[in-house]
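K.L.:
Keeping the supplied structure of chain A fixed, place chains B, C and D upon it in accordance with the hints.
4 protein chains.
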Amino acid sequence: MVILIQCKDKVGLVASIAGVMAQKNINIVSMREHVDIAANRFFARLVSDHHIDSGDLMHELQRALPADAFISVNPEPEKKIVVLVTKEYHCLSDILVRNHFKTLGATVQCVIGNHPTLKNICDRFELPFYEISHEKKSKEDFESGLLKVINKYLPDYLVLAKFMRILSPEFVKRFPMHIINIHHSFLPAFAGANPYKQAYKRGVKLIGATAHFVTNDLDEGPIIEQQIIHVNHTFTASDMIKAGKEIETAVLARALKLVFEDRVFVYNNKTVVFE
Amino acid sequence: MVILIQCKDKVGLVASIAGVMAQKNINIVSMREHVDIAANRFFARLVSDHHIDSGDLMHELQRALPADAFISVNPEPEKKIVVLVTKEYHCLSDILVRNHFKTLGATVQCVIGNHPTLKNICDRFELPFYEISHEKKSKEDFESGLLKVINKYLPDYLVLAKFMRILSPEFVKRFPMHIINIHHSFLPAFAGANPYKQAYKRGVKLIGATAHFVTNDLDEGPIIEQQIIHVNHTFTASDMIKAGKEIETAVLARALKLVFEDRVFVYNNKTVVFE
Amino acid sequence: MVILIQCKDKVGLVASIAGVMAQKNINIVSMREHVDIAANRFFARLVSDHHIDSGDLMHELQRALPADAFISVNPEPEKKIVVLVTKEYHCLSDILVRNHFKTLGATVQCVIGNHPTLKNICDRFELPFYEISHEKKSKEDFESGLLKVINKYLPDYLVLAKFMRILSPEFVKRFPMHIINIHHSFLPAFAGANPYKQAYKRGVKLIGATAHFVTNDLDEGPIIEQQIIHVNHTFTASDMIKAGKEIETAVLARALKLVFEDRVFVYNNKTVVFE
Amino acid sequence: MVILIQCKDKVGLVASIAGVMAQKNINIVSMREHVDIAANRFFARLVSDHHIDSGDLMHELQRALPADAFISVNPEPEKKIVVLVTKEYHCLSDILVRNHFKTLGATVQCVIGNHPTLKNICDRFELPFYEISHEKKSKEDFESGLLKVINKYLPDYLVLAKFMRILSPEFVKRFPMHIINIHHSFLPAFAGANPYKQAYKRGVKLIGATAHFVTNDLDEGPIIEQQIIHVNHTFTASDMIKAGKEIETAVLARALKLVFEDRVFVYNNKTVVFE
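Chains as they are written, first to last, in our numbering: chain A, 1 to 275; chain B, 1 to 275; chain C, 1 to 275; chain D, 1 to 275.
Hints should not be assumed to be uniformly reliable.
Heads up, the list lumps identical chains together, so a pair's fine if it works in one copy or across two of them.
Cut-off 25 Å, straight-line C-alpha distance, at most; resulting in silico cross-link-like pairs (BS3-like, lysine-lysine) [to be verified]:
no., residue 1, residue 2
1, Lys270, Lys87
2, Lys270, Lys201
3, Lys257, Lys245
4, Lys139, Lys24
5, Lys270, Lys148
6, Lys270, Lys137
7, Lys24, Lys10
8, Lys10, Lys137
9, Lys102, Lys119
Just so you know, the hints here were simulated from the structure itself, not pulled from any lab data. Small disclaimer: the values here were computed from a predicted structure and weren't measured.
Same shape as in the complex, but just chain A:
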């Protein structure tokens, strides 16, 4: 059982939380706590091996903690997700394989592509694939098409696994901090289009990838995970893209694991990640 708490910091928060747990005789197997002193913000993630009624525990925690506290007791352990893609297979395939072998920590409900390219791989894993083209229609119409599918499934998260369309603020605000994107660069370097071409031209010795929550500001949402790999002068722009795909796959997989295990808190456009 996982318990998540975020609130304004004050003396005695840990005691209040732990007091509730002790009173209910719940053993705390792991507790991570963080205070952002500058922001005066408190974060905690507790894991227990007991399984009690979460409504009751929630009630007790609400009584013990400040009124503004965000508390989540026993969040859905098996998240449901909808994956949005365009043409590139590497991130999607990794997700489909983990989903198939039940090691994703979430269940893929369906995949939506604005191109038909990746229907075949979804078929092989018997997962519904919806082709919703963005062509010859307004962004509003395109997104209304997406929403029609998404609303059928009510997913916990949308995962943009190399989805190459920019979503409107109206769309994004329907899923606040519940859309996860993989960006093909070490943000904030090379934000925007063609990062590998930029990287090649600049002669960098590292390339990276960034998984982040999507907000209205393109590529500016809270960063969940970043990793890099070394490149050198023998890499053409195309080699950098290939190397980039490997790191993109790894970073998105890692970010999803962290989010699905309820290890990520968001505030002030940043994340607290209890790894």
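P.N.:
For chains B, C and D alone, coordinates are given in the frame of chain A:
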């Protein structure tokens, strides 16, 4: 102010600890907690920005916690160390520079060498250097010479910064978990002598270094930190030694920082490191 | 077009090779050369963007180089492989996905499992899966069963993608330096069984994986690639296994890429890898 | 003996070079060659264990190669450098220690500081320290002060080891591709001032450092080496600065080693680095 606690695990430990802190109105800025379920062992490290009487807090914690609990309130923030060396300069120099600029997190009291090679660099930093040769004498006599110097300083830790003599069990047991060694390999690979030669012959693609506490079993003490660097077919055994020195310096520096900041707990020949 | 040369070192080898290339007006796009001075051995890998008759070029190179030279002109660019597995899916799935999207650099001809577990995933990619159980039969009979399948396909390489049986020297010598294994540890640490359990017990801070060619000495063949990931005290033995799978997948993928692109030379139980 | 060649690419360059070497009976111990196909540019670095008259070899190579070729035979193996600093000690100390123990691959002739802070550490290593303040004078006057000192020493390279002044284009063009700077960020992210504050605010999970040649465009010169380290939500801006110093020291040390061993070529504002 740092508080360290280690004891057998049971329900309510966090509540007891946090209760004491809250009652004394001490704000917890950072709390790290770990339970080794298999070993039924509880570890906690708390940081507060308050500075109260530590004897009093200690007393309250002792009352609130099991009798077997190891509790440390406000351990000496500026450790005192004696460094033992032989001929290689890289780890010692790094320590001397950080000591000089007061960023080591500890104070070097003196350096002992079983060769005179490194006297010069100690002189430059105006640090006492004692040459105690191991030649033409028994290990007992050699170690009694070491002890005579060490006992003058009563250091918190002994740091073996490429000290190439094996210490006797009798010596080691005088400083249990207070001797830190840097081992020139990714333990447990290549334990013992000439690890780089072994690594070269085996054609490895990585070499590493390990910082660990010294116990009676050579190279078998609790591991504090390990890192590696990539090597390839162009590395001769001598190139591997050079690359190894870089990683040895980095790993020892990192391990010392962790130990000096009281982030390392030892049990069952392993460590819990709250980074 | 790729050209590979390995021979005893002597003055003028590069001139001889380059002379042949220049005389035939073949532009060298990339040339990597290595001399192991201790072993007096010369290695070269040339890439050209010309495509000429390889028999003719081979003949000229043989005339220009010492009689003992191993020369390979234009090795099969698309390797054929047979993959051997037991029950774990992670390495196989990665290979199947890359094979499906034609980015493996090789073609998977079939998969052989000594358990039926992974038949399903092979079916999904329409790849032949042969179940050859090792149970209730001698190693000789088991391997003769493997050979019957392998001989149908005449693959360039056998890939042991978490194949948990030890192959006999008789089997191995049929495919010298053409069997690639992924070992679940940073060899030579924790060679043999249960490396993660050993790693957990030892309290290591890194775990690794090693891809190597299979020789008669278990886990002692030439190393192609090694990588590590950091672990800490929160990892149970089971968490280490999970983290290990990620690194195993990455290391095997990288090693296969290097081998399939003809970047790996073997000698003295070591490799030269022109990355 | 090292030989460096850079010129427009054409068929037969390697043969011409190797022919000259063979004719003079010079054994090539290591040869690295690279062609940038897009830029039609050829680079080679040869190492021989012979020591012959370099003027003669130079003459032969000039005859054999295109007129535009840049050829360097036996560049000064022990570079001379002048180090420019402000107040931060970490990069300078690392250089001074390596210089002292003769493992820098170069000789530090003197150190120039625009603050007196680092005089003390230079004194300890008996190295001339010149304080040249930038205060209350024009940039022209400041730089003319620098030049007066530099011209006394005629160094091969200027190393900016956390020198916090921006040099004028007039100054830079006197030392084209012979000024090496360490930049406190993973360029091109966070170019300019206060990168760690920017990184902290953005909530990045990695911070890096970049060593590059100095050109007229601030922070836009050819990149020699880049590395990163992982950070997380527990890092304050000040912790990021501390972590950054570690990586800055490591990256500058690595870049200097590469440059001093004549492994770095520059063209099109990028580098070819034969590691």
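K.L.:
Now look at each hint and say whether the structure bears it out.
P.N.:
To see whether the hints hold, each was checked on the structure:
1. Proximity of Lys270 and Lys87 under a CA criterion of 25 Å is satisfied in neither setting, with 30 Å inside one chain copy and 32 Å between copies.
2. Only between protomers do Lys270 and Lys201 lie at most 25 Å apart by alpha-carbon distance; the minimum there is 8 Å, versus 30 Å within a single protomer.
3. Taking the closest pair of Cα atoms, Lys257 and Lys245 come within 25 Å of each other both inside a single copy (18 Å) and across two copies (14 Å).
4. When the C-alpha separation of Lys139 and Lys24 is checked against a cutoff of 25 Å, the pair qualifies neither within a copy, at 52 Å, nor between copies, at 58 Å.
5. For the homomeric pair Lys270 and Lys148, neither the shortest alpha-carbon distance inside one copy (31 Å) nor that between copies (49 Å) is at most 25 Å.
6. Taking the shortest Cα distances, Lys270 and Lys137 never come within 25 Å of each other, neither inside one copy (35 Å) nor across copies (43 Å).
7. For the homomeric pair Lys24 and Lys10, the shortest alpha-carbon distances inside one copy (23 Å) and between copies (14 Å) are both at most 25 Å.
8. In this homomeric assembly, Lys10 and Lys137 never come within 25 Å of each other (Cα to Cα): the closest approach is 52 Å inside a single copy and 51 Å across copies.
9. Within a single copy, Lys102 and Lys119 get their C-alpha atoms as close as 21 Å, and across copies as close as 17 Å, so both meet the 25 Å cut-off.
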